[in-house]
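S.K.: Line by line, the protein sequences give chains A and B. Counting in numbering that gives the first Met the number 0, the first sequence runs from 0 upward without gaps. Counting in numbering that gives the first Met the number 0, the second sequence runs from 0 upward without gaps.
There's no promise every hint is true.
[Said to hold, decoys possible] Which chain B residues stay away from chain A? Per the calculated CB distances, all over 10 Å, these:
(1) Phe111
(2) Cys114
(3) Gly117
[To be verified] What follows is a list of derived Cβ distance ranges for each label pair:
(4) Leu237(A) - Ala108(B): 53 to 61 Å
(5) Ala108(B) - Leu82(A): 51 to 59 Å
(6) Leu416(A) - Ala84(B): 57 to 65 Å
(7) His113(B) - Arg385(A): 18 to 26 Å
(8) Asp262(A) - Arg138(B): 30 to 38 Å
Just so you know, these hints were derived from the structure itself, not from any lab. As the structure is a prediction and not an experimental result, all values here were calculated from the model. All C-beta atoms, glycine included, are put in the ideal place defined by N, C-alpha and C.
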Amino acid sequence: MEWLAAGIFVAALAVIAFEWVHRTKVALVGAGLMVIVGILDEEHAIEAIDWPTLGLLTGMMILVGLTERTGVFTYLALRVAQLSGGRPFRLVVLLAFVTGILSAFLDNLTTILLIVPITLLLADVLAISAIPLVLIEILASNIGGTATLIGDPPNIMIGSRVQELSFLDFIVNLAPVSFFTLAVVTALLFVVFRKQLRVDPARAEEIARLDPARDIRESKYVKRSVAVLVGTIVAFFLHAPLHLEPAVVALAGATLLLLIAADDVEHALERVEWSTIFFFLGLFVMVGGLEQQGIISQVAGAIGEVTGGSRVGEGMAILWGAAVGSAMVDNIPFTAAMIPVVDELAGDGPFDDANWWALALGACYGGNATMIAAAANVAAAGVLERAGRPISFVRFLAIGAPVTALSLVIAAVYLLLFQL
Amino acid sequence: MPTLREMPLVDASVGRSATFLDAARALTEHGVAAVAVVEDGRVVGMFTDDDLLRGLFPRYLEQLRHTAFLEREPSALGARLDAAAAEPVTAHMREPVVVDVETAAVHVAERFLHCDWGAVAVVERGRFLGMLPQLEFARAVMASRTDG
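Make a model of the complete structure from these sequences and hints.
M.R.: Structural data, given as structure tokens:
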């Protein structure tokens with residue numbers, strides 16, 4: 000039975016990686032098969048679903064979706080473009096950091112869906128190619144998302160599963176290295192793309208003439224939406240002393256916003272990406288099947304054997320292994336499978352957070368390597384495709400792979416110096 | 000209730016090899032919400048007024064929710080038609096909504112309510128007869144009720 004479980008999981012990963020069938024269908028079929036053939040029973044399948052992760056995702060989707068209606072994120076992107084004065088270095092740095100910071104506190108997938116269309120318009124107005132800017136934003140979103148518990152799906156899953164890690168722990172242990180990585184990567188990308196980003200001064204003046212606040216002035220519920228979003232982020236910082244799960248914080252914020260700033264609940268709930276929620280649901284059941292059959296324990300045992308139980312060896316194996324795995328498959332299913340492995344490696348000893356940071360850095364940074372490695376990349380590629388400006392897998396790889404390698408070297412040095 | 004055969008159908012169609020500009024002209028000349036894209040007499044697609052707008056403006060516009068900040072027309076955003084004009088209509092068309100000429104009016108009304116544009120293609124044994132604008136359909140139904 001364990002071979003069957005492994006076979007279903009590997010086959011599902013392959014189909015997801017090659018995008019033969021929509022990933023949600025794959026995850027649900029894989030989960031269904033595991034239950035039908037008896038790899039795990041219905042009771043264990045329900046238990047395997049990580050409800051806090053689903054709650055956190057749903058809450059943030061509602062919160063961000065309702066706030067997005069007000070135009071505040073468009074306002075931010077436009078103000079950044081205006082502040083750059085059309086100077087390429089400033090434009091790249093400001094766009095990268097706004098994307099990184101928004102990704103950290105909203106989530107990187109949402110940020111990309113908000114910022115890429117407006118970037119396409121800005122690039123048209125400035126008469127420059129949008130592709131370099133969008134590539135910088137994708138890479139910045141995955142690096143920025145690494146900084147917090149809610150910034151990137153791998154971190155959401157880790158934070159929801161590991162009760163000992165708070166929102167503040169993620170910030171303290173991951174934000175500085177993410178910020179440093181973002182600075183290095185942004186500088187590198189500017190050097191690579193600088194010739195494609197030269198702006199005619201007359202075009203820069205067109206950007207200066209835009210009125211970013213106009214959409215906000217015409218929107219309802221701006222103050223309420225922004226206040227609840229900011230309040231929810233503050234509450235994330237306080238969730239541990241308040242003894243509230245991050246999912247409860249997100250759902251409480253979403254409920255409050257639904258109460259005070261949504262005229263039509265049905266319409267507001269359309270902001271929830273149900274395909275993503277069901278993808279996670281199926282994934283958790285499949286990983287539950289692997290756990291049930293003892294495959295997770297075997298993988299953890301193999302890692303322990305290879306590293307000889309060395310803390311440094313385990314940390315490095317998790318960091319690089321998670322990055323390679325995420326690059327080849329997708330960092331969400333890979334992290335879902337790796338979380339119980341890392342849990343198993345810890346054994347019954349005192350809690351050690353180092354391997355969790357290695358997993359977060361490996362999976363999130365690994366998400367930059369290929370176009371299919373992270374949900375944000377796939378979403379951005381979709382926006383570009385629909386806009387008639389597709390980006391090829393190879394072109395993404397040519398930038399993404401070196402950036403990932405550089406980021407992982409920074410992460411490895413950070414882990415060796417401060418965590419392992 | 001009148002049958003579809005009695006309703007004023009508009010012969011608004013273009014061939015499969017037509018360009019975006021051909022389809023745009025057919026749409027505006029006939030003043031209907033959609034024209035049929037036809038191959039060997041059969042409807043293979045539909046080009047609607049939404050498709051026309053999408054072709055006239057940058058394609059990412061649909062993914063933007065806020066554009067009031069563009070108080071004046073940025074010079075770079077006006078050149079899209081030149082690029083789109085020669086593109087094949089098949090790159091812009093969508094799945095057609097087709098009803099048979101013998102269809103009951105209630106079914107036609109249901110079709111109109113479930114598609115996002117105001118014209119359906121009417122066919123007889125699979126062959127294109129013409130486009131039925133939603134307003135003409137409603138007018139015919141109202142007239143039949145008044146007469147009755």
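S.K.: For each hint, tell me whether it holds in the structure or not.
M.R.: How the hints compare with the structure:
no.: 1; hint: Phe111; verdict: holds (23 Å)
no.: 2; hint: Cys114; verdict: holds (20 Å)
no.: 3; hint: Gly117; verdict: holds (23 Å)
no.: 4; hint: Leu237(A) - Ala108(B): 53 to 61 Å; verdict: holds (56 Å)
no.: 5; hint: Ala108(B) - Leu82(A): 51 to 59 Å; verdict: holds (54 Å)
no.: 6; hint: Leu416(A) - Ala84(B): 57 to 65 Å; verdict: holds (60 Å)
no.: 7; hint: His113(B) - Arg385(A): 18 to 26 Å; verdict: holds (24 Å)
no.: 8; hint: Asp262(A) - Arg138(B): 30 to 38 Å; verdict: holds (34 Å)
Hint compliance for this structure: no hint is broken.
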